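As given, the protein sequences belong to chains P and C, one line each in that order.
Remember, my numbering sits 450 above the position in the first sequence when you count from 1.
Remember, my numbering sits 1 above the position in the second sequence when you count from 1.
Honestly, the hints are just simulated from the structure, not real lab data.
One or more hints might be untrue.
What the hints assert, rightly or not - List time: in silico DSSO-like cross-link candidates among lysine-lysine, alpha-carbon distance up to 30 Å:
| # | chain 1 | residue 1 | chain 2 | residue 2 |
| --- | --- | --- | --- | --- |
| 1 | C | K169 | P | K514 |
| 2 | C | K341 | P | K755 |
| 3 | C | K275 | C | K332 |
These numbers were taken from a predicted model, which means no experiment stands behind them.
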Amino acid sequence: MLGKIFDVLSGFGLATITLILLGLLTWFATLEQVDNGLYPTLNKYFATDWGHIFVLPELYINGKYVPVPPLPGGYFVCAVLLVNLILGGIIRIRKGWNHFGNLVAHFGIIFMLLGAGVTYHFSERGNMAVSEGESSNVAEDYFEYVVEVAEIKEGKVEQIHVIRGKDIDDLAAGNLRTFRLPDFPFDLEISGYLPNAVPVSATERAPDQGQLIADGYFLMEKPKPAKPEPAEQYTAACYARILPRDAGKSAPFILAGASFHPFSYRIQDRTFTVDMRKRLWPMPFTLTLNHFTAAFHAGTMRPSKFVSEVTRSESGGEAKVTIQMNEPMRYEGLTFFQASYGPPGAGPGEKMYSVFEVVRNPADQWPKYSLIIVAVGMFITFMIKLVSFLTAGSRKQRHV
Amino acid sequence: MSNNSSKVGRWIAAGLALLGLAAVFYNLVIDNMPKGEIRQIANYTAWNKETLKIAETIPVQDGGRIKPLSTFGGFKMLSLHGARSMEIKDGSGKPVKITPIGWMMDTLFRPLLAIKLPTFRIDNSAVLEAIGVTVGNKRDRYSYADIEPGREKLIELAKSYEAIEKGKRDPVQDQLIALAYNFREYESLLGYFGFARTGVELRGSGKNGGPDQRADISAVMLTVPQIRESVAQTTAQGLPMDAHIQSLMEQVIDAANNAKFGIIILPPADPEEKIWFSAGNAIASSIGAAKQSPQLAIHDIKMLETTARAVEEDEGDFRTKLTTLRDDLVKRAEARGDYKHIALEVDFYRMNWFLNALAFYILASITALAMWTLGAGTAGRVLFWITLAATVTGLVLCIVPIVQRCIIMQRPPVGNLYDTIIFIAANVVLFSLIIEWMTRRRFALGIAPILGTLLIILARRFEVGDANDNMDPLVAVLNSNYWLTIHVLTITLGYAAGLLSAFLSFIYLLTRGLRLFDDDRDMRRFFTRAVYGMVCLTLFLALVGTVLGGIWANDSWGRFWGWDPKENGALLIVLWTLSILHARLGGYIKEWGLHFAAVFTGAVVTFSWWHVNFLNTGLHSYGFTTQKGTLWIFYGVILAILLFGVIVQALEKNRLGRKS
Chain P
451 MLGKIFDVLS GFGLATITLI LLGLLTWFAT LEQVDNGLYP TLNKYFATDW
501 GHIFVLPELY INGKYVPVPP LPGGYFVCAV LLVNLILGGI IRIRKGWNHF
551 GNLVAHFGII FMLLGAGVTY HFSERGNMAV SEGESSNVAE DYFEYVVEVA
601 EIKEGKVEQI HVIRGKDIDD LAAGNLRTFR LPDFPFDLEI SGYLPNAVPV
651 SATERAPDQG QLIADGYFLM EKPKPAKPEP AEQYTAACYA RILPRDAGKS
701 APFILAGASF HPFSYRIQDR TFTVDMRKRL WPMPFTLTLN HFTAAFHAGT
751 MRPSKFVSEV TRSESGGEAK VTIQMNEPMR YEGLTFFQAS YGPPGAGPGE
801 KMYSVFEVVR NPADQWPKYS LIIVAVGMFI TFMIKLVSFL TAGSRKQRHV
Chain C
2 MSNNSSKVGR WIAAGLALLG LAAVFYNLVI DNMPKGEIRQ IANYTAWNKE
52 TLKIAETIPV QDGGRIKPLS TFGGFKMLSL HGARSMEIKD GSGKPVKITP
102 IGWMMDTLFR PLLAIKLPTF RIDNSAVLEA IGVTVGNKRD RYSYADIEPG
152 REKLIELAKS YEAIEKGKRD PVQDQLIALA YNFREYESLL GYFGFARTGV
202 ELRGSGKNGG PDQRADISAV MLTVPQIRES VAQTTAQGLP MDAHIQSLME
252 QVIDAANNAK FGIIILPPAD PEEKIWFSAG NAIASSIGAA KQSPQLAIHD
302 IKMLETTARA VEEDEGDFRT KLTTLRDDLV KRAEARGDYK HIALEVDFYR
352 MNWFLNALAF YILASITALA MWTLGAGTAG RVLFWITLAA TVTGLVLCIV
402 PIVQRCIIMQ RPPVGNLYDT IIFIAANVVL FSLIIEWMTR RRFALGIAPI
452 LGTLLIILAR RFEVGDANDN MDPLVAVLNS NYWLTIHVLT ITLGYAAGLL
502 SAFLSFIYLL TRGLRLFDDD RDMRRFFTRA VYGMVCLTLF LALVGTVLGG
552 IWANDSWGRF WGWDPKENGA LLIVLWTLSI LHARLGGYIK EWGLHFAAVF
602 TGAVVTFSWW HVNFLNTGLH SYGFTTQKGT LWIFYGVILA ILLFGVIVQA
652 LEKNRLGRKS
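All chains should be built: construct the whole structure from the sequences, respecting the hints.
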């Protein structure tokens with residue numbers, strides 16, 4: 451019995467089917483992202499939760515809907531493929547010099563998939579915007595909204611408690627969770643989280659789905675625009691209540707990524723703020739933007755170069771670095787990429803700012819190593835096949 | 002029996018192939034035929050070849066680089082006229098073929114003749130009906146003078162259609178907007194030398210009631226400091242500006258505006274300044290509106306005036322003036338290091354390399370068909386050598402221009418969609434010749450020129466449809482010769498290998514359907530092995546290329562994989578070829594299955610190479626084109642081939658069953 455299971459799991463049949471399934475998923479996801487946006491499409495096709503064990507592709511050919519049967523979710527197909535690859539491509543595979551290349555190639559692919567897993571689970575990314583002549587030592591996450599509770603003393607932030615996005619993003623309507631804040635004289639209750647919403651005045655518009663009204667406002671999901679907006683532009687929002695240790699609950703209030711000011715609260719003569727914002731990520735060094743250049747091909751609007759000249763300073767000293775397209779700065783496990791700049795349409799002499807994408811990825815260079823392994827493996831295999839073909843006897847016969 | 006059917010099959014195959022070739026010829030002829038009746042243009046005389054040779058090498062700044070006037074004219078002509086040549090009859094009724102440089106020279110220097118040339122290609126006459134112009138055939142060519150009566154309506158309608166969101170407009174609205182842009186652009190070329198032809202009117206200069214005198218713009222530019230001084234004095238005294246001076250200044254500003262766009266041909270004096278000047282910029286600089294040095298601006302305008310005016314007298318005289326102008330501009334461009342590859346580029350277009358390659362490929366395709374049909378024997382051997390020689394010549398005629406393009410562009414051969422087509426055209430032929438060398442069965446040799454022919458036709462079609470200079474510089478993210486070499490070339494070679502494996506399998510299915518090798522199992526085995534080899538090569542190149550692309554993306558955007566459509570397309574090729582190889586190892590597909598799968602590879606490669614560009618999303622935003630219909634035809638052909646294969650397989654099974 452076990453032997454049979456092993457045979458199936460390590461077999462060519464499973465390899466073929468999972469590869470084809472993965473191809474189909476990729477194809478459908480490619481077509482679907484045009485209408486639905488990249489982020490939601492990826493979440494649908496490659497989500498890691500059991501709710502996405504099957505996905506139903508939406509296929510439109512020339513605007514007409516074509517029904518497609520459900521397919522297994524991408525994450526699970528990849529998991530099966532990885533098992534198949536290890537069992538079939540490493541353990542069961544025929545050994546010997548003729549098959550050595552295959553073994554190496556399979557090993558390289560496993561290494562690459564491992565890299566993808568490490569990147570998926572352990573990498574962090576955000577962005578840092580710096581104006582010319584100014585410095586920054588924090589990056590902001592692209593997607594993750596957090597709730598930040600802080601005490602303000604004499605106009606300065608004294609103590610911060612951050613509630614991470616993963617702890618609140620499952621609190622859709624009806625669900626609530628209490629967060630204990632041991633360093634503060636109160637706890638916080640959060641409910642009704644929406645990934646992309648704005649507060650709307652109840653006097654301007656009545657709630658259409660019986661939403662909770664807090665202080666004259668309620669949260670409304672943003673309408674879906676014709677061209678899907680990138681997920682970086684989402685503004686999350688939720689409802690919250692203060693739970694002082696010695697008294698009852700405060701009235702509910704709204705925390706929204708789209709609002710400009712935090713909610714402030716006074717208790718026992720102390721002032722606190724509660725805010726919803728993209729997560730800030732402190733860097734181990736400070737970056738100063740000395741000069742930014744956006745060059746265009748002469749007489750056109752076609753960019754030829756984006757160059758940021760920066761100074762990186764840390765306790766140990768300073769270094770001058772140039773960050774440009776295709777040439778990021780890699781330092782202390784962090785990588786800084788030239789991502790964007792502004793202000794748009796700036797005239798000559800205007801003060802520019804530069805935006806860096808900041809990534810911490812322990813598997814940053816793994817694809818490079820695995821590529822070398824895979825390429826060498828495949829090369830050996832195919833060369834052996836080619837040589838055996840060329841040395842086969844009947845080749846020389848001429849024929850038409 | 003099988004021998005007989007094989008012979009019949011051979012002739013059927015040859016017939017089918019000839020039909021295909023005839024379709025190709027028809028396509029080419031239709032492409033190059035003038036649409037509608039050839040116009041006779043009174044007073045038209047063709048330019049002297051020597052004059053055109055000089056004009057070709059005038060440097061122009063356009064699309065972010067310095068290029069010869071002939072290249073500039075070629076792509077302008079493609080975008081307006083839809084072809085690189087135009088046929089008319091001159092004043093005496095003699096047919097004249099106008100080249101891009103001739104057309105450009107007419108437009109700039111002989112606008113009164115140029116407005117009668119059938120410059121504008123209109124694909125749907127409804128566009129002209131909408132602006133109240135009398136029309137001919139649905140698809141026809143019109144002159145500026147034909148369309149001019151509807152000019153106002155054209156601009157008005159284009160403005161109103163532009164307010165409609167892109168994608169929601171109907172094709173006629175899109176074409177009308179395009180025509181309005183083309184029309185305005187053409188006007189900027191027609192009126193470019195207007196300042197030189199008319200000069201300015203010196204109001205009140207006519208003596209004794211005679212007409213006012215005229216002066217050259219360059220002469221007025223010389224007096225600008227004095228004019229300024231006089232204006233400053235009158236303004237200081239609180240007096241209104243003198244009416245004559247005001248009129249003069251207005252005319253100068255008009256002249257500057259009329260020659261502001263069109264062609265940018267004047268190198269700046271400052272070696273650090275990258276942006277060149279148009280005649281309009283030079284005129285404007287005299288009144289302080291541009292950065293060119295006033296002395297140089299006056300010198301330039303004087304030179305342009307002299308040249309433009311000489312055309313009315315005698316072409317020999319004009320040529321002398323044009324040569325002086327060209328030499329002056331070239332000398333300055335050379336001093337700036339901007340003229341390095343202009344001569345090479347002029348030569349590149351003059352040689353028409355790909356058209357010549359096409360001729361050799363077509364010749365080789367015909368001899369290959371004859372070679373296959375006649376089989377072994379002396380005639381077959383002779384045809385083999387002719388096919389080989391013609392194919393190799395065609396290949397060389399493809400490689401030389403690709404190398405020339407690299408030198409001109411100072412980058413590796415592939416950076417845009419057009420580059421991929423010619424690169425694939427060359428490599429598919431090269432791969433086929435390598436297979437021929439390995440197998441010596443003459444099948445790959447014949448396939449080489451046929452595929453070469455098809456791909457070069459595709460390149461020509463694409464160039465016409467796109468009508469953008471395909472040697473213009475690349476955007477910042479692609480501006481990396483290292484990555485362009487290792488990632489882009491690998492992945493493009495992967496496309497070439499994938500397409501070749503699909504075509505080989507198509508030929509396999511065709512020959513099997515026609516029972517050509519019923520008595521030659523060996524031949525079939527070679528076909529299958531060649532396809533298997535190409536699938537392996539496709540996998541190797543696509544996989545290495547895709548991962549290299551990921552590594553590049555990791556260096557430029559900070560992520561290895563972004564699910565961008567172009568990346569996904571490449572991944573699809575990898576996954577598909579991997580599943581073919583695994584299915585084969587598992588015994589799920591055998592000979593037939595391998596060929597079916599390889600034919601389908603053609604569809605996967607097409608999706609990756611072309612289709613994702615139409616999705617209009619993602620970061621690889623180069624080469625979005627509009628002719629999506631052709632893609633569906635191609636997918637249809639692949640489906641038809643697969644269906645044909647299935648029927649052949651069923652028939653064969655049936656036959657074998659009866660035999661046993």
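Status of the hints after comparison with the structure:
Of the pairs offered as hints, the one joining C/K169 and P/K514 holds, with about 17 Å between alpha carbons and a cut-off of 30 Å not exceeded. Straight-line distance between C-alpha atoms of C/K341 and P/K755 comes to about 22 Å, which keeps the hinted pair within the 30 Å bound. The hinted pair formed by C/K275 and C/K332 meets the criterion: a straight-line CA distance of about 16 Å does not exceed 30 Å.
Checked against the numbered hints given earlier, the structure satisfies every one of them.
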